[in-house]
Amino acid sequence: MQSYIGVLARSRVPLVDMKWSQIPKDIKEQIWEAVDMAFVVGQGGKKSVLASAAKKWKDFKSTLTSHYILPYTNDREKLSQPPETYKFIEKAQWDAFVASRLSKDFESVHSQHAQIREKLEYNHRLSRKGYAGLEDKLKETMPGVEIDRSTLWKRAREDKHGNIPDPKVAEKAKLIDELQKQVSEGKVSVYGSNDVLTMALGPEHPGRVRGVGAGISPRQYFNLPKPQRMSFDDRLKDSLRVLLQEETKKMEAKAREEALRMEARTKQLVEAEREHFLSQLSQLIPNFDPSMLKPRISQSPKNPMSDKASCSGGDVRSLHFEDDTAKNGKHQEDEVKEEEKKDEEKEEEEQDEKEKEDEEKHDDKVIEVGDYSNMEAHLL
Numbered sequence: 001m002q003s004y005i006g007v008l009a010r011s012r013v014p015l016v017d018m019k020w021s022q023i024p025k026d027i028k029e030q031i032w033e034a035v036d037m038a039f040v041v042g043q044g045g046k047k048s049v050l051a052s053a054a055k056k057w058k059d060f061k062s063t064l065t066s067h068y069i070l071p072y073t074n075d076r077e078k079l080s081q082p083p084e085t086y087k088f089i090e091k092a093q094w095d096a097f098v099a100s101r102l103s104k105d106f107e108s109v110h111s112q113h114a115q116i117r118e119k120l121e122y123n124h125r126l127s128r129k130g131y132a133g134l135e136d137k138l139k140e141t142m143p144g145v146e147i148d149r150s151t152l153w154k155r156a157r158e159d160k161h162g163n164i165p166d167p168k169v170a171e172k173a174k175l176i177d178e179l180q181k182q183v184s185e186g187k188v189s190v191y192g193s194n195d196v197l198t199m200a201l202g203p204e205h206p207g208r209v210r211g212v213g214a215g216i217s218p219r220q221y222f223n224l225p226k227p228q229r230m231s232f233d234d235r236l237k238d239s240l241r242v243l244l245q246e247e248t249k250k251m252e253a254k255a256r257e258e259a260l261r262m263e264a265r266t267k268q269l270v271e272a273e274r275e276h277f278l279s280q281l282s283q284l285i286p287n288f289d290p291s292m293l294k295p296r297i298s299q300s301p302k303n304p305m306s307d308k309a310s311c312s313g314g315d316v317r318s319l320h321f322e323d324d325t326a327k328n329g330k331h332q333e334d335e336v337k338e339e340e341k342k343d344e345e346k347e348e349e350e351q352d353e354k355e356k357e358d359e360e361k362h363d364d365k366v367i368e369v370g371d372y373s374n375m376e377a378h379l380l
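Every letter in the sequence shown is one number past the one before it in UniProt numbering, and letter 20, counting from 1, is 20.
Source of the hints: derived by calculation from the structure; they are not laboratory data. Don't take each hint at face value.
List time: in silico BS3-like cross-link candidates among lysine-lysine, alpha-carbon distance up to 27 Å [to be verified]:
id, residue 1, residue 2
1, 181, 119
2, 87, 119
3, 61, 46
4, 119, 139
5, 87, 56
6, 25, 55
7, 267, 250
8, 139, 160
9, 187, 160
10, 187, 237
11, 28, 91
12, 104, 119
13, 181, 237
14, 46, 19
15, 58, 47
16, 56, 160
17, 58, 87
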């Protein structure tokens, strides 16, 4: 993507002697739209893309100046046409650009920049991928290890063999290693901008942060939460993880709500069954007092989905309320039937005794009549 941004910056932005802030907005918008159509940049990526385009446009002008103009100040013939490598540059723009680079004003500015470059002590050896490319490479070779900017700063100044040719840089790299060791041992604490690299190199310069690349300000890097300094892939994974956690919470809440509804429904059914059973007992047993069962049914049965720890002591008895109530009801019903059977047997016995008494009375009357007849015959 960075190479594509560089192509757009070189081909679409006019080669004029002005600042990036003076470039028309419609040209910047064209660059952003082209990048957005070709790559998945993500939210908030427009600012980074345009910042990268600005740097590449500036670097392009610097390359033209140092390689194709200043070496040929005495050979006007070679300066009359754009370089073969960049034939897309219009002749009018090239002539205007060459004239601006050969002016007295530019010569003064160029001299000042040269003096500033001479003061740079710790030049890096990064490719065009920059710190972002270096960080991606280290993540592949050092999985699971947190890569801070002090590590990036040190690695950016190593050669392909892992050595640091510059003695000054090597001294700072050694100090970084010592500070990192002390931090891991808990002897040194880091917080905010006072991290290992700041301890080794000194305070940051206003407006930029060492060891992280261009486009990141101290306010962004040190004051924002770390997830916002992640790569795009890490931010995407983090977003998916948060989304999964939210969905899991919703499912758990729904399950708890369903469990509560089931528990309430179970209580309603048990209460209705109890009322129905008490009504039946009142009809079967004379003078039945429902309060005699209240100690056994004062607590409603627990839902099997509720906490297991609650199922102890009196709660266990309440869980078996239905079985106990059913057994008590059956026992009461058997007693009623037994009483009815005894009453029937008693009535039968009383009926038998009554019939027996009637027969005896009848026999007595027959005897009396017989005796009277015999007496009458005797008299005759």
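- CA of residue 46 to CA of residue 19, is that 27 Å or under? holds (19 Å)
- Restraint status (C-alpha distance of residue 58 to residue 87 at most 27 Å): The hint holds at about 18 Å.
- Does the structure keep residue 119 and residue 139 at a Cα separation of 27 Å or less? Status violated; Cα separation ~32 Å.
- Pair hint outcome, residue 181 versus residue 119 [Cα-Cα no greater than 27 Å]: violated (30 Å)
- Regarding the pair residue 56 and residue 160, is the alpha-carbon distance no greater than 27 Å? Distance ~25 Å between residue 56 and residue 160 Cα, so the pair holds.
- Message: Against the 27 Å threshold, does the CA-CA distance of residue 61 and residue 46 hold or violate the hint?
- Response: Holds. Residue 61 to residue 46 sits at ~23 Å (cutoff 27 Å).
- Query: Is it true that the CA of residue 104 sits at most 27 Å from the CA of residue 119?
  - Reply: holds (24 Å)
- Message: residue 87 and residue 56 were given as a pair; does the straight-line alpha-carbon distance stay at or below 27 Å?
- Response: holds (18 Å)
- Is the Cα-Cα distance between residue 187 and residue 237 27 Å or less? Violated, at about 34 Å.
- Item | Straight-line alpha-carbon gap residue 139 to residue 160, limit 27 Å | holds (17 Å)
- Task: Sort out whether residue 119 lies within 27 Å of residue 87, counting only the CA atoms.
- Result: Distance ~36 Å between residue 87 and residue 119 Cα, so the pair is violated.
- Query: Does residue 267 pair with residue 250 here, judged by a C-alpha cut-off of 27 Å?
  - Reply: OK: residue 267 and residue 250 at ~26 Å, within 27 Å.
When the structure is compared with the earlier hints, violations turn up for hints 1, 2, 4, 9, 10, 13 and for no others.
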